[in-house]
Amino acid sequence: MNNNKIEDILDRCIAEVSMGKTAEEALRQYPEVADDIRPMLTLACELRKLPGPSTSVSGLIRTMAKLSVQQTGKKTTAQRRKITLLSHSVLIRAAAVILIFFVAGWTTVTSSAQALPGDFLYPIKLFSERVRFFLAMKQENKAELCIVFSEERVKELVKRHSKGGGLNKRLLAAMLNEAKMALDAGSELPEVSRDLLNSRVALLSQFQKQTLEQLEKRASPEEKQDLKTYLDICCLRCTWMEQRIDGSAPDSAQPQSKQRQGCWDTCPRQ
Amino acid sequence: MDKHECDCLLEKARQGDSEALAMLCEHFYPQVLKYMYYRVDGVSAEDLTGEVFLRVLGNIGKQKGLFVAWLYRIAANVVTDYSRMGKIRQEGSIDERLTQSVVNGTNPADIVGSQIDIYNAIVKLTTDQREFVTLKFIQGLSNADIAEITGRSEGAIRGLQFRALSALRLILNSQEQVNE
Chain A
1 MNNNKIEDIL DRCIAEVSMG KTAEEALRQY PEVADDIRPM LTLACELRKL
51 PGPSTSVSGL IRTMAKLSVQ QTGKKTTAQR RKITLLSHSV LIRAAAVILI
101 FFVAGWTTVT SSAQALPGDF LYPIKLFSER VRFFLAMKQE NKAELCIVFS
151 EERVKELVKR HSKGGGLNKR LLAAMLNEAK MALDAGSELP EVSRDLLNSR
201 VALLSQFQKQ TLEQLEKRAS PEEKQDLKTY LDICCLRCTW MEQRIDGSAP
251 DSAQPQSKQR QGCWDTCPRQ
Chain B
1 MDKHECDCLL EKARQGDSEA LAMLCEHFYP QVLKYMYYRV DGVSAEDLTG
51 EVFLRVLGNI GKQKGLFVAW LYRIAANVVT DYSRMGKIRQ EGSIDERLTQ
101 SVVNGTNPAD IVGSQIDIYN AIVKLTTDQR EFVTLKFIQG LSNADIAEIT
151 GRSEGAIRGL QFRALSALRL ILNSQEQVNE
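Sequence lines, in order, name chains A and B. In this text, residue positions in the first sequence follow the numbering used here: the first is 1, and each later residue adds one. In this text, residue positions in the second sequence follow the numbering used here: the first is 1, and each later residue adds one.
Think of the hints as simulated: they come from the structure by calculation, not from any bench. Careful, some of the hints might be misleading.
Under 10 Å between C-beta atoms, here's a sample of chain A residues computed to sit facing chain B [stated by the list, open to error]:
| hint | residue |
| --- | --- |
| 1 | 7 |
| 2 | 14 |
| 3 | 40 |
| 4 | 41 |
| 5 | 43 |
| 6 | 46 |
| 7 | 50 |
| 8 | 60 |
| 9 | 64 |
| 10 | 162 |
| 11 | 164 |
Virtual Cβ for every residue (Gly too), placed ideally from N, Cα, C.
Let the hints inform the model, and build the full structure from the sequences given.
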């Protein structure tokens with residue numbers, strides 16, 4: 001006989017007995033397995049008659065008391081959770097304020113990148129440049145930043161002039177000063193890096209000279225007078241840098257040389 | 001307590017009504033205690049029944065489906081947790097109160113031995129078989145309810161029933177031979 005079938009018959013017989021039939025009445029329908037199932041069915045009937053424990057009142061009271069204590073604890077935990085959530089919200093608010101300041105600051109600095117002298121955001125642009133310079137750890141990076149700032153001043157000069165803002169002497173002086181600072185910053189670099197920097201400064205001086213020559217063509221007679229001084233310095237610097245790269249100019253280890261003083265250390269009044 | 005009343009109390013208990021929860025506890029306490037008596041020894045049964053209701057209190061808000069099935073699942077988990085901790089006596093002996101109720105009983109089994117023998121035989125079943133016998137014959141639950149509580153199919157429950165009763169009969173026969 002298939003085991004599954006016996007299991008099913010046993011289950012049916014148990015169900016019939018639980019509905020009020022006697023074991024023999026239930027088994028009568030399955031004579032072929034009655035002998036196999038009878039002991040188990042009788043046992044099932046006996047199991048149903050097993051007594052339960054008498055419910056102890058003290059046990060019930062103890063359980064209720066535990067539940068009561070637990071429920072009080074649950075409320076306290078809920079209150080604590082509220083406090084924790086409150087402190088979480090304070091942290092979230094603080095984080096939000098910091099984020100707003102950060103985003104606002106970042107947006108301002110980004111917007112200020114296009115600012116020109118006289119604009120509201122221009123001081124922020126200069127300040128962010130100073131911060132970048134301060135944060136640059138290596139001398140090489142500081143020199144590179146000075147070159148970038150000098151190029152930026154040249155662009156500002158041209159933009160401002162093309163917009164009819166006139167010739168800004170402060171920008172002209174800053175342009176030359178940043179180039180000088182780049183050269184100074186590179187004086188302590190290893191030879192290979194210094195040579196590379198010299199080439200960059202030479203190109204920068206060339207770029208400055210060409211830009212001023214272009215500006216001179218569009219400048220008023222009065223502006224041309226001012227431009228001449230700066231243009232002369234640029235020309236001297238270009239010559240000096242060419243000689244330096246060729247090896248005929250004095251080494252930067254002698255910064256006080258007359259030639260250097262002539263073109264690099266003389267800065268017109270702003 | 002009818003089903004509708006039980007559902008109403010359950011709904012209130014889920015929303016944090018402590019009085020409804022207390023009434024549910026009072027109603028189901030004897031059933032859970034009886035379950036525990038046949039799953040563990042008598043001394044632990046009351047403590048474990050209390051633990052079951054503590055867990056009910058902690059999780060009543062998340063309760064879904066048939067409450068009785070959920071309640072017995074918790075009870076089964078409590079038994080499992082305590083047996084893992086080694087707190088349950090594996091070789092159970094007859095609790096005094098059970099002995100008393102059997103001695104006072106009117107119909108000792110003639111064929112398979114007394115109810116005391118049956119109790120001692122139940123203790124020797126495997127965990128699954130013991131759980132099934134308790135739920136089916138002591139608690140009087142249907143196969144469908146047991147299937148939901150244990151997470152098995154009804155077919156598997158029928159198989160378990162057959163094996164549990166066969167094993168119980170074998171244990172009782174061997175006990176009888178020892179006594180002779």
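Report task. Could you work out which earlier hints the structure fails to respect and list their numbers in ascending sequence? Result -> Of the numbered hints given earlier, those the structure breaks are 10 and 11, listed in rising order.
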